[in-house]
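Colleague: Taking the hints as your guide, dock the two standalone chains into a single complex.
Residue numbers (our numbering), protein chains in the order written: chain A, 192 to 795; chain B, 6 to 187.
Simulated from the structure, these hints should not be mistaken for laboratory data.
Even for Gly, the Cβ is constructed at its ideal location relative to N, Cα and C.
Among these hints, one or two may not hold up.
To be verified - If you anchor each label on the Cβ, the simulated ranges turn out as follows:
1. 710(A) with 105(B): 38 to 46 Å
2. 176(B) with 588(A): 50 to 58 Å
3. 718(A) with 176(B): 44 to 52 Å
4. 755(A) with 173(B): 38 to 46 Å
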Amino acid sequence: MKEKIISIVEAHGSDASRLMDILLNVQSTFGHVSAEAVSLLATMLRISEVDVVQTLSFYHFFSTTAVGKYAVYMNNSVVSCMMGMKDVVDEFEKQTGVKFGNTTADGKIGLYYTACIGMNDQEPAALINGIVFNELNRQKVRDIVAGMKVGIPVQDMIAHYGDGNNANPLMKSMVHNNIRKTGAVVLSDYTLGIGIAKALTSDAKSVIKEMKESNLRGRGGAGFPTGMKWDFCSRESGVHYIICNADEGEPGTFKDRVLLTERAYMLFEGMTIGGFAIGAAEGILYLRHEYTYMKAYLENVLKDMRIKNFLGNNILGRGYNFDIRIQMGAGAYVCGEESALIESAEGKRGEPRNRPPFPVQKGYKGKPTVVNNVETFCSATRIIEKGAAWYNTLGTSESAGTKLLSISGDCKFPGVYEIEWGMSINAMLEMVGAENVQAVQVAGPSGICLPPNQFHRKIALEDLPTGGSMIVIGQQRDILKDVVLNFMEFFADESCGSCVTCRSFNMILRNAIEKVVAGHAIKKDVENMQAWSEILRKTTRCGLGQTSSNPISTTIKNFPELYDARVKDVDYQSDFDMEKSVKASCEVVGRSSEVHELAKVNIN
Amino acid sequence: MSKPIIATTSLAGCFGCHMAILDIDARILQLIDLVEFNKSPIDDIKTFTKECDIGIIEGGCCNSENIHVLKEFRKHCKILISLGECAIMGGLPALRNGIDVKECIEEAYLKGPTVGRNTERILPNDEELPMILDKVYPCHEIVKIDYYLPGCPPKADLIWAAVVALVTGDELNIPYELVKFD
Ligand SMILES: Cc1cc2nc3c(=O)[nH]c(=O)nc-3n(C[C@H](O)[C@H](O)[C@H](O)COP(=O)(O)O)c2cc1C
Ligand code: SF4
Ligand code: SF4
Ligand code: FES
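So here's chain B without its partners, still in its complex pose (with noise of 0.2 Å):
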């Protein structure tokens, strides 16, 4: 039997539930004996070239190329798992959601105070770049979401224990401190 297959991403998120993922140390070299990764940054391949089975995402969606790759993972992956704060509920991106969108780009192109050069006042719109949405969203607003693994960012441990159970089809069993905060 074939190993089963990963992705990943960061769409809005801040890469720490990346670092989380290799949090789990030692537990890499495991890892790659029990599942294949494809389009990730952990491998650096770019685009989907095999039909996976476990997509994982980290961050919400804050632009319109956020909703496209959610929706390509959602079409090359049996099973999706928002990983983290920002993917499970925007997070701290999310803290712009209420404030006006031109309030939002005029404070980080125009007025804020780290803007300085831009004695142009020019607003990026350059036809490659996505466009920002109204406000940030998490990602089972857009696609369906099949696990959530929570934390900012989730404990290593954590993200072991869910992605050993998804691949050997053994119970999960996570320990209340995996997921206890406070």
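Only chain A is shown next, with the shape it has when bound in the complex (with noise of 0.2 Å):
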């Protein structure tokens, strides 16, 4: 073990900062993380064992115990469970022998939950060591089980391979791409290096002039200016660094993994012509754990490139030097907040940083940094290319261009859709074939949920802001229970823990939801939890904790019947139950729980 660590830390560079891919180097060899290899990997690279601890125990893929030979990462969010995950977990359990969160006596197969990995238009999905398995069922269970335990490697286990590039040799993939609609500015027809060659031939300025008069706004869901984020970072001064934020973490939201797949090129040179804009040499791609079956064909792409001279020193001759380098996250839905991203991609607990100093000014490695969403720089390649004044003839007058919106659940047609700002909601629910429609959820957890009296409204930054995720809820869902509880728990999960509010409030308002759908809760009960959300989205730091009690506010406001039905009017109810509380202690004892108590207790 000690020579392969060793080998592991060299091949870093025996660099702290690299924490992240040196965990995660160890967790695929040994399938887990163990104490010694804690301790080993504290020594080498001069830092205290406690700082390789605190980033092990963040992220949810890295683990101290062995996880199994086949780990299997089933998906648990919301659509995953409205498209049968129950039969498909029963079916796991059942072939297995064990339940959910364990791993089979021999070592060979564990089985564990995990937050959405980004397939929710073909769920129910799960990971298998690192590779996507689609669409599953009671059937191709008992395949993939009976695979394991003869010993057949996962990849050898796909049958058939997805669309596109799903089935490039370097990835492999089951995956579909599910490619509903295309519009102009993404998923039109792309030629490498047009817009490279354009920025390369004017300068700096002229770059960032044509990305602010495009008015480009963030597509990773806050929307801020694309052209006024890299004038602030240009200004600064020293080493500057360019990130795409791929960690597509929202669940319900897959239009990047679209984009990684068929448009790789697009977005490295986005990256690229971002880089040149605000002089930067380096660049990162941190892309989410989830989509570790892309990395290979990513890492192809970028040689690619550089053997094009598209990257490397001296592009195409114009004497600019610049590289990128993927930076794999381990499972953190928080890391997609783009300081907590990059403490991340420094090796460290994705925590958010507090702001100011923001990360334009300083970012990685403490440097002025641009982090953008995949989508905003495949935008930027077409927009460099085609010109600001043709990007504004799409769109509305506030959102200028298309958008790439996941749209998933009840429908007949999830999948990818680039439609143009401005579509009405009624609109979009004809486009994915949705019938009977309860609500839809608009950008995701964090999002809102909205009743049909509201589907005139417009996905637009100025009336439906959206990073992508369209969750449709037929009339047959249980909002408060299938929906509601479920995004709470993923929040409860995913807080890093740093503010007492979300730490705290997320657990109290996951149980209290839990309450309301046991039919335990009171008025009372609702108007706390209205009081608490508002307290937590005021008192946290970074945009998780100011959006998490959203399923829960908005429920609230636009679906006050579905908590009225549930809810008793009473001024106080106690949900204790006596002889249920002293069941274990009468049983350590050996008392009967029933008649524990002398029939005249003396109370005094």
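Modeller: Spelled out as structure tokens, the structure:
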């Protein structure tokens, strides 16, 4: 073990800021990161063991005990549950003989849950040793487990590859793109190099000017003007960095996955243009762990671009040097927040930073850094190719261009759609073949649960802003149980824990909605939930805590009747059950819990 | 008009909150002028002899007896106050929440380093003894609580201000320092 770890550390230049990659390597080599490994890493990287442990303990896909030769990570987010996860889970448990959360006695198979893996249009889906298995059902699970029992490598269990680059020899994945609608910007035909060539023959200032005039706003969700961000960053002195946020963690979003698969060149071209504009020599693609299956393919794209001189030294002979490395994540939703992402890329826990300073001032390694979403960079490439004026002809007055939507849930055609900003929810539902819709979850759990009487509203930054997640919820669903409770569980799990209110209120709100679902809540509970949601929103450092109460607050507002139907209109109610609560202690001492007290208890 | 009547009790607490009541020092004489005490460790009245106006509860509920006492208080008092961290949130005793009851009892009576002489490995089971609950409950999960006075223990001045405001009907005026803990 020692030699192997030494070689992993040395391969990363014995650099503590590469701790994420080192741990990922150790994890995949040994199936866990043992205490011995921790102490060896600390010594070799000249940091304390606690420094290693704090990173190690933060991420979902690191583990200190063996996860099993075959580690199954089943997506338990809302849409997976809607599409029949329960049967799949049941079959896995039946076939392996263990419950989720455990490994088989022989250490061969481990079963775990994980949050949305970016496959909402092909659920139920799971990751097995990093490889995606989509559209699972009982029969498929039986075949998979049978294969595991005789030791077949997971890669060999894939019968059919998906469309497009999913079938690329370096990807060999069963994932489908499900591109249902292409638009003028990111999914229309693309030729490598036009944008870069244009940018490099003008100058950085002109590129930023073009970007500002395009009115492109960030596609990661917050909608910050991209040109302005580049401008701020370019004004800072010293070394600059450019980072692409491919963490795509918002449940229900999967459009970046499709862009990474089909528009990787366009993305890297956009990063190069951005790098040139702000004066960066180094770019980082922060890729979520769930997308590890694309890494070899993406590395090869980078290699190809170096060969073609679109990356590397003296790009296209214009004297600009720039290269990109891929930073893998290890499973943490909060790492999609840009400052947490930077911390993570530096090898630390993904805890958001206080702002100011903003990343454009002090970002990666304390240097001015631009962080943009995958779709933002792809759009930038097209804008430089076709010009800001052209771009402004698309979309609405306040939201220029197109938007990729990831649409899933109760509809006939789940998948990726490139629409112009300004489409109404009604039009969108018609487009995806959705009928009898009870609600649309716009912009994922941190967005809003929209009722039918608001379906006339427009998908646009000035009306219904979204990073792209759209979950259609049919009449047959129990919104509070199937959706809100699931989302609150997600947030309670994913809070980084820095802010007291985020750490505790997400848990408390999760318990409160569970109480509502179980029919034990009273009116006062719902009032409390509203008040606590407000406190949570106001007292937290990052967008996670600022929006995590939205599943509750937007359903209380938009679907009050769902609460009224379950909540009792009484002043007070206790759920305490004496018999149940003394059962355990009675058992220990050998007393009957029904008659555990003397008839005449001396209560004084 | 007769004086308002107060009752107090300590459930799963350390009596620190009652000490804090006594911490009002000489004002206890004023208090006696203002109110009458019924069931309370302060005057050692053990059962309710009258209906009371205010019940002050220290400590959460860790066993079946605590539950009965708390319910009695609710029955006999118009207003109930949770006094201190233990009554409000379970406090220190609630550190056992999340640990299996069996493990707790075994640690206390069989395995703990201070157990020593329990050579017959006896677990307390006299029928006079109340039973330990699966976890420590804050009071408001058992009965309706009207007011909460935070602190571990709450400051005497806070208790004083709250009780005086309640019995006089004056507006409660709590300086920030009284509920600021860091
Ligand atoms: C909890 C949280 C998660 C986020 N996740 C993502 C994400 O997965 N992808 C993304 O592009 N932006 C995400 N963001 C937004 C980023 O912080 C940042 O605004 C964005 O990457 C900037 O790029 P853009 O301007 O191109 O949108 C997240 C924000 C928060 C608060
Ligand atoms: S709001 Fe939540 S996720 Fe964000 S920094 Fe605070 S604790 Fe972490
Ligand atoms: S709140 Fe503090 S002082 Fe009061 S009973 Fe609990 S531990 Fe004792
Ligand atoms: S119970 Fe108060 S010091 Fe031990």
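Colleague: Does each hint fit the structure? Answer for all of them.
Modeller: We went through each hint and held it up to the structure:
Judged by the Cβ atoms, the range 38 to 46 Å given for residue 710(A) and residue 105(B) is violated: they are separated by roughly 28 Å. Between residue 176(B) and residue 588(A) the beta carbon distance is about 53 Å. The supplied range of 50 to 58 Å therefore holds. The supplied range of 44 to 52 Å is broken by residue 718(A) and residue 176(B), whose beta-carbon atoms lie about 24 Å from each other. Look at residue 755(A) against residue 173(B): about 40 Å separates their beta carbons, and that is inside 38 to 46 Å.
Of the numbered hints stated above, those contradicted by the structure are hints 1 and 3, listed in ascending order.
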